[in-house]
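As given, the protein sequences belong to chains A and B, one line each in that order.
Using the numbering used here, read the first sequence as starting at 7 and increasing by one per residue.
Using the numbering used here, read the second sequence as starting at 15 and increasing by one per residue.
Note that these hints are calculated values from the structure, not bench results.
Even glycine gets a Cβ: it sits at the ideal position worked out from N, Cα and C.
Some hints here could point you the wrong way.
[Said to hold, decoys possible] Distance windows between CB atoms, simulated: (1) A:Thr76 to B:Gln142: 20 to 30 Å; (2) A:Gly368 to B:Leu278: 15 to 25 Å; (3) B:Gln142 to A:His358: 27 to 37 Å; (4) A:Asp367 to B:Thr52: 30 to 40 Å; (5) A:Gly194 to B:Asp83: 41 to 51 Å; (6) B:Ala311 to A:Ala319: 45 to 55 Å.
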Amino acid sequence: MRLRAAIAALMLSALPAWAELTIPVHYLRQIVPQPPTLSNLDPRPERLGIDGASLALADNQTTGQFLGQTYTLEITEVPEGGDFAAAMRTALAATPFVILDAPADTLLTVADMSEAGEALLFNASAPGRRLRSQDCRPNLFHTIPSLDMRTDALMQFLLSRRWTGLALIHGTHAEDLAFADALTNSAGKFGLKIGATKEWAFDADMRRNAAQEMPLFTQDLGRHDVLLLADEIGDFALYIPYNTWEPRPVAGSEGLRPVAWDRVVEQWGAAQLQSRFEDLAARPMRPLDYAAWAAFRAIGEAVTRTGTDDPAALRAYMLSDAFELAGFKGRPLTFRSWNGQLRQPIPLVHAHAQAALAPLDGFLHPRTELDTLGLDAPESGCARFR
Amino acid sequence: MIRTTLALLVLSAPAALADEMWVTNERDDTISVIDTQTLEVTRTIPTGARPRGIIFSHDHKVVYICASDSDTVQVMDPDTGEVLHELPSGEDPEQFALHPDNRHLYIANEDDAISTVVDVETRTVVAQISVGIEPEGMAVSPDGKIAITTSETTNMAHWIDTETQKIFANTLVDSRPRHAEFTSDGAELWVSSEIGGTVTVFDGTTQAEKAKITFDLPNIHPDRIQPVGFEFTPDDAIAFVALGPANHVAVVNMASYEVEEYILVGRRVWHMAFNRDHSQLFTTNGISGDVTVIDVASRKPVKSIKVGRFPWGAAFRPTN
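Sequences are here, hints too, so could you generate the full structure?
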C-alpha cells in the first residue's frame, strides 16, 4: 500500500504537467487527372500520401498516450472539378492543422482564404520553386523537398564523380519542364554543363520498339558523361537505359534518382520506418507518403515539446532552434526560417539501392550543409514567410 | 576417440585461457571473438539474422544474442559457440538488459512498440509492456526495482516497476534516445539522444532531469555528433560516450558533466565494452567494420581490429 502511494507520487512528479490536449489534423487531397503513360507497371497507389499521414497518426498517438495527448486524422479527397475551397472551409472549421496534397495554384488559393489566416498548412506534394520564393505564404510549410533540393543533390553527386558533361531529354508536361528547368539551374549552380537538350516527342509505343528508336533518338546528343532525363510522370524515361547510342548512365527521373524517399532507403533506422509503413499500407513508402508523415510528425513533435495546441505558438516553436524532427535520414530535420521548407538530406537512389546521400562531403555552408540543397535565404524571393 | 578429444582440447586451450571480447556483426550474422591479450580475432561464430544486442549471464555461463531479423534471442554456449536454445523474445529484439536476479531479460522489440520480459529459466514470456514507438535502449537499476525502455520515435524514457511490470513514469528526452544506463549506485540514469545530440542525466529516484550533456567537436557539424552507446568506469567517475558518425568517443567527467576529451575511433561508433581490469575499452565501429581499442589511462586509441560487417554490440567475457 505504501509502495503504491509512493509510486503514485512518483507518477505525479515525473509526468510533465501538460493539460490534456486533442489535436485534430485534416488531410485534404485534390484528385488531379493522371496523364497516360506508356507503361502501367507502377500505378499510383490509391492511398498515396494518406498512408503516410496514417502512420504518423499512429506514431503520434503512441507518444500522446503517455502525455494525455490525443491525435485524430480526418481525410477528405476532392474529386476532379470538385469544390476544394469548400472542403478547405469545412476542414478549417474543425482544425487549424491541415496537410495538403494539391497543385500549387490550389494551395495558394486556400492559403489565402481568410479562414486560413491563423492556420498551419503543410504542403506535402507541390515541389515548385515559386511556393518557396515569390509566392510563399506565412501559413504554408513545405515538407516535400523542392525540385531545386533534388536537382542540387544530383549535381553534387555528378560533380563529386567529375561527370560534368551532361545532355538532357525532357518530356512536355508542366512537371517535366519544371524539373528540366531545375536541372538546368542546378547544373549552373555547381558549374556543370548541359550540352544538347532534346524534347521527347515520340508517340509510338516504346514497349515494342524502344530498342530500335532510342539509339537513333540519342545519336545526336554529342559528347556527354551522363544523360539526364526529365520525365516526372514516368512516361518514357524507363525505356532509355541501355538503349542509348553512347554507353552512358542516365539520371534524373530514371537511373540515378534524387528523391525525398524510396523503398531502398534503409540506413539511419529507416528500415524501422519502412517496416512500420509496410505493415500499415502493404506497399513501399513513397515520397508523398514521407512528406505527409513528416508534416504530421512535425506537428506531433511541436505539441509534445510545448504542450500547447495554439497554432501561433507551434509555428514559433517549429521555426526555433529547439525544434528538430528525427526523420530517418541521419540528421535532425528543421524548417528554413525564410520560407518554411523542411531541410532534409536527399537520397540518390537506383532501383535496388541508395548510391549516395546528399549533401555530399565537401559541399560546405556556413549554417548547415543541408542548405547547400535548394533555395538558400539570399536566393529565395520569399518576403512573407518570416 | 579419446585421443581426438584431447587433441581438440589442446588446440582450443590457448584461446580459452585469455579473456575475450565478443562483438556482434549486424550485416554478417556472426560474432567476432577477440582475444583481449593479443588483440586478434580468434573465432568467428555464426548467429541468427542481424545480431545486435549481446550480453553475458552474470555468471558468464551463457551469452544472449538479439537476432533481430530472426525475431529471437539466442542462448549460446560461449565455450563451443553452439546455440543451446532460443528464447521467445517478441518481434525484432534489438537491445536488452539482464535483471540482477540473472533470470529476467528485459527486451526492446523495436518493430512492435513493446518491451518483453522473459524468464530465461522457464523460457517463457513473463510480461509484455506497451511502450513508445521503436523501443531501443534497455536498463535495469542495480537494485532490480526499475527497468527502463527508451523509445526512439516517441523520444521518452519509460520507467517500469519490475514488481508490477507496469510503467510508472515517462520522461521526455531529446530526439531518438538510443541507450540507457544506471550508475552503479542507481542514483542516476543516463540516456543518450542520437539526433538530439545530447545525453540527459536523470535522478534515479525522482526522475527529475539533473543535467544535459552536450558535445562540441571542432570541424564536425553538430548534426553529425550523435551520441549512441556509453559505458561508465566502475567508480562512476568517467563516462565514455560513442558519438556515432562524428567518429569519436567523448570522455565525460561524471561529477561535473563536462566533456574532458574526445578520442578518435573508427567510423560510426556504436557501442563499447571494457576488458577485465577496465584498462582497455573496445568500441564497435559500424561503417569501418572494425573495433578500436582505447587505452583508458592515456585515453589514446592503441589498435584497430578488423571484424565482420557492421559491428554493433560488444560484451566482455572473462574466461577464468
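Right, here's what the structure says about each hint:
1. A:Thr76 to B:Gln142: 20 to 30 Å: holds, 23 Å
2. A:Gly368 to B:Leu278: 15 to 25 Å: About 20 Å separates the Cβ atoms of Gly368 of chain A and Leu278 of chain B, which means 15 to 25 Å holds.
3. B:Gln142 to A:His358: 27 to 37 Å: holds, 36 Å
4. A:Asp367 to B:Thr52: 30 to 40 Å: For Thr52 of chain B against Asp367 of chain A, whose Cβ atoms are near 36 Å apart, the range 30 to 40 Å holds.
5. A:Gly194 to B:Asp83: 41 to 51 Å: holds, 45 Å
6. B:Ala311 to A:Ala319: 45 to 55 Å: Holds: the Cβ-Cβ distance is about 51 Å, inside 45 to 55 Å.
The structure fails none of the hints (numbered hints given earlier).
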